[in-house]
Amino acid sequence: MLNNEEIFFSQSNLTVSIGRTAFIDCQLPFNSDNKISWMIVNHSDIDNIKFDYEDKNQYRLKINRIKEFYHNILFKCYYQNKNIHNQGFIKLNVERIQPPPIVSYIPNNQTVPIGVEVIFSCQSNNDINIQWWFIPYNRPYKIIKINNNNNQKYQIEANHDLIIQHVEKNDAGLYKCVSTNNNYDETTWIGHLHVEDARSNAIFHRVERKDLPQAPSQPIAITINSNSIELVWNIQSLDIIDYLIEYYDINSDKTNLEWKRYLTKTKNSRQIINNLKSDSIYQFMIRARNSFGYGSPSILSELIETKSNQQLNDELIYLYDPINIQETSVTIKWNILQKNSLINQILIYIINKKETNERIETITNFITTYTINNLRPNTDYSIYLVPVFNIIGRSSNIISFQTLESIPSSSPTNVIVQLISTTILSIRWNPPLQNETNGQILAYKVNCLGTNETNSIRLTNISSDANGLYIKNLIENMEYCISIAARTRIGYGPYSQPICVIMNTKFLQITQTQLKHRLREAISQPWFLPVIILSSIIFTCACAYVIWLCFHYITQQHRRRIKFNSSASSSNQSVELPVHKTLSNGKRYDLIKDTSTPLPSSSTALWMNSIPNGIRLQCCTTASASSNSEHYSMNIHKNPINALLHECRQQQQLNPYATT
1 MLNNEEIFFS QSNLTVSIGR TAFIDCQLPF NSDNKISWMI VNHSDIDNIK
51 FDYEDKNQYR LKINRIKEFY HNILFKCYYQ NKNIHNQGFI KLNVERIQPP
101 PIVSYIPNNQ TVPIGVEVIF SCQSNNDINI QWWFIPYNRP YKIIKINNNN
151 NQKYQIEANH DLIIQHVEKN DAGLYKCVST NNNYDETTWI GHLHVEDARS
201 NAIFHRVERK DLPQAPSQPI AITINSNSIE LVWNIQSLDI IDYLIEYYDI
251 NSDKTNLEWK RYLTKTKNSR QIINNLKSDS IYQFMIRARN SFGYGSPSIL
301 SELIETKSNQ QLNDELIYLY DPINIQETSV TIKWNILQKN SLINQILIYI
351 INKKETNERI ETITNFITTY TINNLRPNTD YSIYLVPVFN IIGRSSNIIS
401 FQTLESIPSS SPTNVIVQLI STTILSIRWN PPLQNETNGQ ILAYKVNCLG
451 TNETNSIRLT NISSDANGLY IKNLIENMEY CISIAARTRI GYGPYSQPIC
501 VIMNTKFLQI TQTQLKHRLR EAISQPWFLP VIILSSIIFT CACAYVIWLC
551 FHYITQQHRR RIKFNSSASS SNQSVELPVH KTLSNGKRYD LIKDTSTPLP
601 SSSTALWMNS IPNGIRLQCC TTASASSNSE HYSMNIHKNP INALLHECRQ
651 QQQLNPYATT
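The sequence shown begins at 1 in the working numbering and counts up one residue at a time.
Check each hint, because a few of them may be wrong.
[Unchecked claim] Beta-carbon label-pair distances, calculated as ranges:
hint: 1; residue 1: N234; residue 2: E436; range: 20 to 28 Å
hint: 2; residue 1: I554; residue 2: Q525; range: 55 to 63 Å
hint: 3; residue 1: M478; residue 2: N234; range: 31 to 39 Å
[Said to hold, decoys possible] Think about it this way: if two alpha-carbon atoms lie no more than 25 Å apart in a straight line, the pair counts; the simulated SDA-like pairs of lysine to any residue are:
hint: 4; residue 1: K307; residue 2: I350
hint: 5; residue 1: K210; residue 2: A221
hint: 6; residue 1: K307; residue 2: E68
hint: 7; residue 1: K265; residue 2: K277
Calculated directly from the structure, the hints in this document are not laboratory data.
Bear in mind the structure is a predicted one, so any value in this text is a computation, not a measurement.
The beta carbon of each residue, even a glycine, is placed where N, CA and C say it ideally should be.
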């Protein structure tokens with residue numbers, strides 16, 4: 001109460017979702033005689049916030065599209081022509097909408113022999129409910145729900161993988177995985193299982209997770225129109241067949257969200273998704289497929305909003321997506337938005353993205369469709385229209401597309417045929433020119449044709465990585481004509497010009513003469529002499545460096561030997577022996593433990609073999625005079641090596657039959 005007047009004040013939070021429509025109600029008591037005024041308290045850029053009133057008293061306002069930057073915006077409502085102390089505050093809490101269930105690893109089709117174990121994946125990163133259903137091929141009207149309580153045939157793992165034990169013919173059918181999130185949005189995947197006898201001619205196809213392709217990178221929108229979005233992404237795997245693009249519409253009229261799927265027909269990591277709704281928000285993710293199946297998906301794209309019709313009102317011409325794309329042509333369609341405009345002609349700009357050049361075609365007739373010819377296969381193009389009055393008008397929107405693949409326009413280049421012997425041929429080649437491949441080269445075909453079909457050799461599906469081969473066991477004195485063709489996904493291109501050779505000594509001599517001629521040509525080239533001189537200098541330097549290393553090593557070894565010999569021969573120095581010595585056989589032997597215990601002959605032999613070759617000791621000579629014995633007695637206490645060898649000598653005299 002203020003001055004005996006009741007004052008109303010309210011404050012609340014309203015949680016809304018990005019891309020959805022939101023209704024905001026003022027919390028003040030309804031009064032039919034007064035209108036409500038609204039204002040935004042904490043946001044300066046209010047021009048970008050569009051809303052409408054739902055009733056004449058303006059108690060409820062409607063925001064058609066919640067944006068991410070609406071988060072924490074504070075709306076204030078109050079009575080018009082009344083005390084300003086009556087206020088209501090509503091704060092927006094903007095959240096990202098939860099997408100439909102995302103299945104990381106989906107059930108891929110499999111063909112297996114009887115009796116094996118089969119695993120169907122249906123793994124999700126989210127906390128969602130997953131159910132498995134089975135529709136047998138032999139009873140398509142029957143749907144069986146699978147759980148761990150059915151029998152020992154099925155087992156559902158903690159990650160929702162379905163394991164089928166000892167499959168039989170009756171297990172063939174459709175296995176459906178249904179995922180449901182907390183909003184009751186559903187995602188369904190189906191995998192086919194074919195079971196064949198192990199002795200049949202069927203091609204078995206089993207799927208293991210390690211064989212599936214990696215997830216592509218996050219898709220990015222590079223072109224956005226009212227009804228289409230062009231995406232681009234990257235992937236490291238090389239064995240990709242095609243892609244599956246999954247997307248959903250946040251503004252869907254349906255109660256629940258669901259994934260829509262678009263299968264590309266090429267492995268181009270740049271695709272246009274058509275037939276989208278204008279003024280709508282989409283989110284995308286990409287899966288790659290190889291010969292084993294589909295791998296895990298990419299992370300979700302950012303929210304991407306298509307253009308609205310209002311955005312197109314400022315444009316004079318709107319260019320639709322291509323309606324018919326072929327290898328060398330495309331049909332385009334457009335709409336003239338301002339019907340009262342006087343257009344004299346339309347200029348069509350065609351941009352080749354690969355070669356960054358453009359050409360212009362002019363249309364003088366008042367038409368809205370046109371077919372552009374003389375395009376290159378498997379090439380990215382961009383097109384836009386420019387209307388011409390007395391002056392050049394504003395250009396239309398830009399559309400991008402890729403023409404379809406085709407067979408190569410030319411044959412492999414630099415084909416060289418050489419005789420190795422009278423029965424062996426060597427064939428080498430290079431791929432067709434880059435701008436004439438019309439797609440990715442997948443294989444080559446080599447024809448080595450003799451005088452009749454029996455003597456002819458046709459080699460197909462040669463790896464695209466190969467650039468040559470040898471053909472052996474040919475017939476002497478037979479004439480063979482060799483030609484080569486390259487293949488894309490569409491088919492083989494033209495053959496190279498035939499090169500004919502006769503498998504005899506005359507052609508062999510010609511081949512050798514050609515090699516000599518090529519060698520002479522190489523020698524006569526201006527670059528030959530500098531290359532030889534440079535190579536000689538490098539080789540000489542390398543040899544000198546190696547010789548220096550060897551000399552340095554020998555010198556170091558010689559110095560060590562001199563130092564050791566001088567130490568051993570000195571009467572005032574002693575040599576310290578290690579307690580253990582590791583031999584080449586990996587065992588350890590005690591060399592000095594108890595001097596009172598005589599060493600066995602085997603230990604003596606091992607020790608003698610371990611003495612360096614550079615040491616010469618007087619005790620090892622064959623002299624046996626008594627004067628020498630006195631000499632030994634005087635020195636054995638000064639030099640441990642002499643002492644040990646003296647003991648060794650005594651053992652040999654005590655054991656005349658011992659062997660070393």
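- Message: If you test the structure against every hint from before, which numbers come out violated?
- Response: 2, 3, 5
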